[in-house]
Amino acid sequence: MSGDDEALLRGAIKEYYIESREHVVVPDQIASREFGYQKLGYDGMIRHQSLPDEGALRVLLSREAPTDVYCSNARYLFPSMPMKEKEWQGADLIFDIDAKDLDMPCREGHSVAVCSECSRVSPAGGPCAACSSSKVSLRSLPCQKCIKAAHDETEKLKSILCGDLGVDPASITVYFSGNEGYHTHVRAADLDGLGSRERRELADYVMFRGAVAEAYGVPRQGAKRRDLPARGERGWRGRLAAGLGAEALKKAAAGGRDRYQGALEAASAAVGARIDPQVTGDIHRIFRMPGSLNGKSGLSKVRAGPSPAGIYAESCLLADRPVEVLAECPHRFSVGRRRSLGPYSRERATVPLYAAVYMVCKGVATAAAGAGGQGVN
Amino acid sequence: MEGIGRLECARYPFLANAGEYIADKGFTIEAFGTDPDLVPFIELAMRRIEAAASGLVYSSGLDAGDASEQSVDREVFSFVVATVLLRAAGARSLVRRFALSESRRAERFLERSLARESRERDMPARLLEGLFSVRVRRADYGYGVPVASYVRRSVNFHEREWKLVNRDVHAGLVRLTAHQVVRLVRQELADHIAERIRQSPTPPTLPNFEPHVARIRGLSESLEPKYAEVTGEHPPCVKHAMAVLERGENLPHSGRFMLATFLLGRGWDVGRIAPLFKGAPDYNEKTTLYQLNNISGAGGGTRYSCPLCDKLESQGLCHRTAECEGIISPMQFGRRREA
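Those protein sequences? They're chains A and B, same order as listed.
Going left to right, the first sequence walks through residues 1 to 377 as the numbering used here numbers them.
Going left to right, the second sequence walks through residues 378 to 716 as the numbering used here numbers them.
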């Protein structure tokens, strides 16, 4: 990242944390949480930070202008000590759903390949068009289909959490991650003390992983067959019948226990909530802090509404003064309130600050000289 | 637990009141160790221990419904004396077996009481809540156990039928039969009994106990598990990880960690493991050696061990075959207990 890019981002981030204080959600029991952050010009994560109160958090945000801020879902007696000495006290249950894990067919069409060798931008799916290097990193631009799919998965997750696992809807808070996913936070006393293995078990449950044929009506040879799942039944039996179709289940069962087992295993992707199980099982994770900026996009992690339609605009909280960038992007895209940006073929463009930050974060633009000097320093 | 009756004391003698019961009857441990008239109780205690050593569950008149005072005395006295003998022998393997056998015995009574439409049903529910904080709810379908209570225990079971996804779960409750409810707490019951034995003070050397203590030590030694490596073959998850690297494909960080910890656990050194990662698309010799040394605990750091099968399954790294039956860690693959 060039010095001009860094200056642009630093200025915009600092301005956000000073001018838009109300957007930052101060974690409850802040003194018991571990914080971490990443900042420009520093490789890696600064972890094991503890903050006594909201004031200390605000000072850190405005002083360090971090690109990404993370806060533990766990609470500790000694949050700044090494992990083994922190004395874990409990943790919110969290679920991460990311559009990149949903195998959306549209993905290649709104992704670009940024070359690690020459930084040029090409359409996704091949080597760098400029230098033919195969070392490219894929960056996805906003897509309503993807974000809707992630939103739908989150709704599915919520329905399982509330209907099956008895989670009180009031204890669930869903956030848009600021990039292309949703974070679901559950604050429930009975789940708070669960360890990593138990949380992985809950993850398997919501994903419909580990189901055995015997539990869904088809026993091993010789045993008595039970009823196959039918529509209208509650829990996984009903969802399975609705998702795969009662006829398909009947057909698979007629093929024998192994075939039926195969059908159940394959069903996970179709009927299960497609969360990242690693996130849910990790009780020491530091997780993007609500209201903070996402360094992959410059958008904020904000509370999600009932519809995903306006989420990119709702999470776009940086200023909109014009900034000049050198842009290169083969696709047209929208960000924030700008419905149409690009395509750009390595050209100068004047865009709102939020769009400039977005494009620099995605690697499809670099700041023009002096572009970063206009924000708060 | 408060309010335990005489019959409950006999059925669940591991509850604290069993000691009081003996005291109330005017006996002491010393009396059992010295009074020839009390030797029959020591012999009963040995029967309990020998049943456990053979993998059986002790049966007595109580099982057949004999609730007489003598029957209750026999139950409580023999249990308490058995724990004293085990403590005196310091027989760790046998303590575990005894605890499991006694918990299975208690299960029988718990299950019967749960299944009955009577006030007796309250006792198991109280016991489960009092000892293990499991709030069991009675319903027309059987019993409902809160999801959190269920998964805290079920994650220790290797049979896949216990996975939450294979249960009927609704409104925060897991539906179970009386048998399943008591099975759920078996290990905790066993742990509770074993802990009671471990925490009890070492009894003095007493003449009635000595020959039995020596016999228990012998029994315990014969039960120490002996493992032999019967094959040098790697488990399918490890083979799969190696194949991925050989093909030059990306192996996720969790897969690399599993491979490294497994091979370190099998005695490979860092220098022998590092070349396996040469096929990784992002291979960097310096980084690989740094990571391997870190995992191996070189320089006095933590030596990491290979993740268990259930974690690997959650990470999508498990490629279970029939040969994996009965193991809970890749490290156990190919190892069988000697007869």
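Hints were generated in silico from the structure; no laboratory data involved.
Predicted model only: the values in this text are computed from it and were never measured.
Do not rely on the hints blindly, as some may be mistaken.
[What the hints assert, rightly or not] Cut-off 16 Å, straight-line C-alpha distance, at most; resulting in silico cross-link-like pairs (EDC-like, lysine to aspartate or glutamate):
(1) A:Lys135 x B:Asp659
(2) B:Lys688 x A:Asp227
(3) B:Lys688 x A:Asp168
(4) A:Lys100 x A:Asp276
(5) A:Lys250 x A:Asp276
(6) A:Lys158 x A:Asp96
(7) A:Lys135 x B:Glu626
(8) B:Lys402 x B:Asp414
(9) A:Lys158 x A:Asp168
Here's how the hints hold up against the structure:
{"no.": "1", "hint": "A:Lys135 x B:Asp659", "result": "holds, 10 Å"}
{"no.": "2", "hint": "B:Lys688 x A:Asp227", "result": "violated, 31 Å"}
{"no.": "3", "hint": "B:Lys688 x A:Asp168", "result": "violated, 28 Å"}
{"no.": "4", "hint": "A:Lys100 x A:Asp276", "result": "holds, 11 Å"}
{"no.": "5", "hint": "A:Lys250 x A:Asp276", "result": "violated, 31 Å"}
{"no.": "6", "hint": "A:Lys158 x A:Asp96", "result": "holds, 12 Å"}
{"no.": "7", "hint": "A:Lys135 x B:Glu626", "result": "holds, 15 Å"}
{"no.": "8", "hint": "B:Lys402 x B:Asp414", "result": "holds, 15 Å"}
{"no.": "9", "hint": "A:Lys158 x A:Asp168", "result": "holds, 10 Å"}
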